[in-house]
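Listed in order, the protein sequences are those of chains G and U. Under my numbering, the first residue of the first sequence is numbered 1, with each subsequent residue one higher. Under my numbering, the first residue of the second sequence is numbered 1, with each subsequent residue one higher.
Each hint should be verified, as a subset may be incorrect.
Said to hold, decoys possible - With a straight-line Cα cutoff of 27 Å, these simulated DSS-like cross-link-like pairs (lysine-lysine) come out:
| id | chain 1 | residue 1 | chain 2 | residue 2 |
| --- | --- | --- | --- | --- |
| 1 | G | 140 | U | 158 |
| 2 | U | 54 | G | 131 |
| 3 | U | 128 | G | 65 |
| 4 | G | 161 | G | 208 |
| 5 | G | 140 | U | 85 |
| 6 | U | 158 | G | 175 |
| 7 | U | 158 | U | 202 |
| 8 | G | 200 | G | 119 |
| 9 | U | 85 | U | 142 |
| 10 | U | 54 | U | 28 |
| 11 | G | 2 | G | 95 |
| 12 | G | 175 | U | 85 |
| 13 | U | 28 | U | 128 |
| 14 | G | 131 | U | 28 |
| 15 | U | 142 | G | 221 |
| 16 | G | 65 | G | 131 |
| 17 | U | 142 | G | 119 |
If you're looking for bench data, these hints aren't it; they were derived computationally from the structure. All figures in this text were calculated on a predicted structure; none of them were measured in a lab.
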Amino acid sequence: MKLQHYLGGLEGLDPISLETRVFVEAWEERIFGIHTAMMALSPQLDLEATPSTFNTVWTWADLRKGAESMHPFDYFKFRYYEKWLGGISGYFVSKGYITQAELDARTKAFLSSPHAMPKRGDAEVDARVQKYLLIGDDPKRDRPTPPRFAAGDTIRVANPKSVDHTRLPGHLRNKVGAIDSVYPDAYTYLCDTGPDGIGKAMPVYCVKFDPEALWPGNTEKNFTFYADLFEAYLEPAAAS
Amino acid sequence: MERFEYPNDREAVNAARARALEALLIEKGVITSDTVDKIMSIFATEMGPFNGAKLVARAWVDPAFKNLLAEDTMAAVEEMGFATKGAGAEGEHMRAAINTPGVHNLIICTLCSCYPWPVLGLPPYWYKDPSFRARAAREPRKVLGEFGLNIDPGKEIKTWDSSAQIRWFVVPERPAGTDGFSEEQLAALVTPEAMMGVAIVKPPGI
């Protein structure tokens, strides 16, 4: 069980932050941009090859694997983009694009004096990044099988083995809900999550939950909770 | 305990490390010296809450468009002529949750920070903060109260957790005092927070 999967409903936390800025420190937009460029240049996408030396897969799932593998206290200790900075730096080191010694030395140099940034690069790289942003990476596919459930059906959420990445919110595991709607077609996921069950094209459902079933006696009235869930996460309610 | 302490130079080191990483990636040919700036300029001009505000304003003046937005969100988005057309990263499949006199909608992502980039741009800090993600799931009225929004107990709250590949946004209700307003005037009233459900659109001048 990973605390990172179980945030929904957690008690005892702080008042809500009312900080509306996206980036609370100037450097945060640089790591956001690097992550977005990595997704755009990732070789599994059906986009034109460029002179970029980036040749390993990077998707949201890879970023999330890093965040979900953290010590849970560190997950709460570090700000959102601090986790990105750690995860993305570690990825470039582990894949051999840079060494930890290079990164540490350059960090030290930038800390002591404001060195200029290098100026170089091929415009084809940036053209691909722009194209990715504007067209995205469509996960929709034809349905390999008809949907197992229909609107109105009662389902129980599965409780698969906890792995390095999931799209199943922990607070919904083992809970009973009702299919609110069945999304058209089927959806792939960015990676195969193994025993967790997603990756290949499958139907996706909008599932409705009574918050009283999620947090008995400890939630609010006149309130309905909805989640979009892949079919692999759902079982007929009667089966349990 | 060291785990709970931050070094005094926390932000200076973060800033230097981010800059060092970007410099090395440019030198190694992974990205170019313009890549990050170009990405940020797309979010400033082509993918942002200015698009969502135009969708909301169109829905307020055109009931058929509002119905389309509710029933087939991507078809409605495609009609707007955005640079992302009926797609865009993190917005290939979006759904609009329409506020009504009886229902107030709230979008969240309990697992992380899923957000409809083409129409809302990038998520504000509060949306990504663990306190919001945890608390909005279980006690939305209390959370909205902290944003200064008190929802009538008789009004249903629907919370939409973005846990698969669908990205959600809220269409707030049109405020009073806007009869005769153009779409452009209406769009200027719409905030990102209203399109996430933690605010309503206030009448002009309030």
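Item to check | Unsatisfied constraints (hint numbers, rising) | outcome: 8, 9, 10, 12, 13 and 17
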